[in-house]
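K.L.:
The numbering of the sequence shown is this note's numbering, which starts it at 1 and goes up by one.
Read the hints as simulated data drawn from the structure, not as lab findings. Positions of the beta carbon are idealized from the N, C-alpha and C atoms, including for glycine. What you were told as hints is all true, and nothing was included just to trick you.
Each pair of labels, with its calculated beta carbon distance range:
| # | residue 1 | residue 2 | range |
| --- | --- | --- | --- |
| 1 | VAL135 | TRP314 | 37 to 47 Å |
| 2 | PHE250 | ASN34 | 54 to 64 Å |
| 3 | ALA14 | ASN154 | 48 to 58 Å |
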Amino acid sequence: HNRVAGLDFNLRSADDSWRVLTFYHRSFDSEVGNDQAFAHGAFVGYNHRNFFIGWNHEMVGENYNAATGFVRRTGYLRFEPFVRVSFFPQNSVVQQHGPRLRFDQFADDPLQIDTILDRRLGASYRVNFLNTSEVEAGYDYNFTLLFNDFDPANTGSDTVAELPAGSAYNYHRYFFRGRTDRRNWWNLEGRVSWGQYFNGTRVEVQGSANMRLQPYANLGVNVNYNRIRLPEGFASVDYWLIAPRLDVTFSDEIFWTTFVQLNGQNQNLGLNTRLQWRYAPVSDFFLVYTDNYNTGGPEWIPRQRGIVAKLTYWLNI
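Work the whole structure out from these sequences, hints included.
P.N.:
What follows is the structure in structure tokens.
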């Protein structure tokens, strides 16, 4: 048998400045021991006009088992304090600006800090403008302890070297991101990060462009580039991901959405196109076509394709 009993408590102050969420659950299972068969978490946040401060922690015992739910991970302790400060200048350009700090750490025992598994310290400064655009620059310190042998380039190849299980790595990274005015019919967003990555270096560039052709269509594209450089014996790679999307509104009943994704890491081109007919309130007919190609060779080879139809009807009784 498997049973779970617990207590949840949520609190929000009348002025919305305080928010508290906490729970304690315990499982009773005939096949595993009852020692450390618990899960507990708590979030406390205080919001003020000029600052926000919060605390989050999670504890999950090694033997906690919720058979009818989903437990991502057991046997760990996590705590995560964070703070945000906001200044509101009296000018016609900047809406607010200020620093942000976050600390996030995982340990391997829910009752004590024995072995640190992961740690991240992030600091950044963000500026929000009155026209809804924003910029942010920041720094991240990361610590990672590997449970298994690991290829930092994620090539899936048996011929490249791997970092050994049990090894630990400290690395420092920096980033800058920005976004244009979202009220325009077009907008851009981008982020670049660089610095150490396990035993090498990594540069990542992300960007997106979106256009609203109201009231008929939205067109967008996301681009991601990763440049990973590792010592001799390991794989140094360049990965691209390009993903355009098109949404078309023919009427208040007929809609068409198409996704395309070119993934250089798994050498795949994916297509998903969907036609939607809303023939009644909250009732739809979908016709979906999917196609995937292997782009690793001189010729693109189909991997998988299919057509799916789905009909939903809202029955109001």
